[in-house]
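Q: Letter by letter, the chains look like this.
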Amino acid sequence: EAAVTQSPRSKVAVTGGKVTLSCHQTNNHDYMYWYRQDTGHGLRLIHYSYVADSTEKGDIPDGYKASRPSQENFSLILELASLSQTAVYFCASSPGQGAFAEQFFGPGTRLTVL
Amino acid sequence: GDKVKQSPSALSLQEGTNSALRCNFSIAATTVQWFLQNPRGSLMNLFYLVPGTKENGRLKSAFDSKESYSTLHIRDAQLEDSGTYFCAAEGRGSALGRLHFGAGTQLIVIP
Chain A
1 EAAVTQSPRS
11 KVAVTGGKVT
21 LSCHQTNNHD
31 YMYWYRQDTG
41 HGLRLIHYSY
51 VADSTEKGDI
61 PDGYKASRPS
71 QENFSLILEL
81 ASLSQTAVYF
91 CASSPGQGAF
101 AEQFFGPGTR
111 LTVL
Chain B
115 GDKVKQSPSA
125 LSLQEGTNSA
135 LRCNFSIAAT
145 TVQWFLQNPR
155 GSLMNLFYLV
165 PGTKENGRLK
175 SAFDSKESYS
185 TLHIRDAQLE
195 DSGTYFCAAE
205 GRGSALGRLH
215 FGAGTQLIVI
225 P
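Chain order of the listed sequences is A and B. Heads up: the first sequence is residues 1 to 114, going by the numbering used here. Heads up: the second sequence is residues 115 to 225, going by the numbering used here.
Please note that the accuracy of each hint is not assured.
[Said to hold, decoys possible] Derived BS3-like pairs (lysine-lysine); straight-line CA-CA distance at most 30 Å:
#: 1; chain 1: B; residue 1: Lys180; chain 2: A; residue 2: Lys65
#: 2; chain 1: B; residue 1: Lys117; chain 2: B; residue 2: Lys174
#: 3; chain 1: B; residue 1: Lys168; chain 2: B; residue 2: Lys180
#: 4; chain 1: A; residue 1: Lys18; chain 2: A; residue 2: Lys65
#: 5; chain 1: B; residue 1: Lys168; chain 2: B; residue 2: Lys119
#: 6; chain 1: B; residue 1: Lys119; chain 2: A; residue 2: Lys57
#: 7; chain 1: A; residue 1: Lys11; chain 2: A; residue 2: Lys57
#: 8; chain 1: A; residue 1: Lys18; chain 2: A; residue 2: Lys57
#: 9; chain 1: B; residue 1: Lys180; chain 2: B; residue 2: Lys117
#: 10; chain 1: B; residue 1: Lys117; chain 2: A; residue 2: Lys57
#: 11; chain 1: B; residue 1: Lys119; chain 2: A; residue 2: Lys65
#: 12; chain 1: A; residue 1: Lys65; chain 2: A; residue 2: Lys11
[Claimed, not checked] Derived list of chain A stretches under chain B, where covered just means 3 residues or more per stretch with a C-beta under 8 Å from a C-beta of chain B:
#: 13; stretch: 16-23
#: 14; stretch: 42-50
#: 15; stretch: 66-74
No lab work stands behind these hints: they were computed from the structure. Backbone N, C-alpha and C fix where the C-beta goes; we use that ideal spot for every residue, glycine too.
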């Protein structure tokens with residue numbers, strides 16, 4: 001059974017609309033991350049969290065909010081979706097940092113903003 | 115500039131041959147992960163490394179933190195090895211296990 005799941009797996013949104021991407025993990029990991037991948041590129045960190053009810057900004061947080069209501073769940077929120085936010089979004093979890101920093105990824109959500 | 119540079123950016127291999135992929139780091143990397151993104155888009159963990167080497171079947175990876183690079187060797191390439199290989203590094207002093215990804219190496223294995 002997949003340890004990191006994402007929903008929806010794909011979504012089409014309209015410009016200016018609100019989008020919420022959800023991530024759920026059963027790894028019992030404290031750390032969770034949201035990345036975006038643009039076609040032909042690597043992953044870039046948007047937001048992350050190391051404990052419930054707390055989130056941190058990553059490298060490209062503008063236009064995104066995050067919410068960590070519990071250890072298992074981490075959401076990414078686009079309040080006003082824009083064309084430039086069309087991408088594939090990956091969620092990941094990790095037991096910690098340093099020697100415990102191995103990250104495990106969900107299957108991704110393909111978001112198209114029209 | 116890019117904190118993690120991967121080379122080559124693309125590669126075609128004849129089935130049964132060997133090759134090596136490389137990542138150079140401009141940050142003080144403490145750990146490295148290698149992933150394979152398959153044609154369906156899923157990211158699969160290949161290796162998680164502290165300085166040293168690991169081997170798994172036809173794959174072998176090394177991480178030299180002093181020289182700031184990591185390699186992934188593929189032996190006897192098979193068709194199912196096709197996909198995009200990413201390396202990612204955690205930098206010394208990085209908060210909370212943040213990873214810096216390279217742009218990837220797109221590998222095509224030809225029959």
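Q: A separate judgement is required for each hint: does it hold in the structure or not?
A: Hints versus structure:
no. : hint                  : result
1   : B:Lys180 <-> A:Lys65  : 37 Å, violated
2   : B:Lys117 <-> B:Lys174 : 23 Å, holds
3   : B:Lys168 <-> B:Lys180 : 17 Å, holds
4   : A:Lys18 <-> A:Lys65   : 11 Å, holds
5   : B:Lys168 <-> B:Lys119 : 21 Å, holds
6   : B:Lys119 <-> A:Lys57  : 23 Å, holds
7   : A:Lys11 <-> A:Lys57   : 24 Å, holds
8   : A:Lys18 <-> A:Lys57   : 20 Å, holds
9   : B:Lys180 <-> B:Lys117 : 15 Å, holds
10  : B:Lys117 <-> A:Lys57  : 18 Å, holds
11  : B:Lys119 <-> A:Lys65  : 29 Å, holds
12  : A:Lys65 <-> A:Lys11   : 18 Å, holds
13  : 16-23                 : violated (count 0)
14  : 42-50                 : holds (count 6)
15  : 66-74                 : violated (count 0)
Hint violations for this structure: numbers 1, 13 and 15, all remaining hints satisfied.
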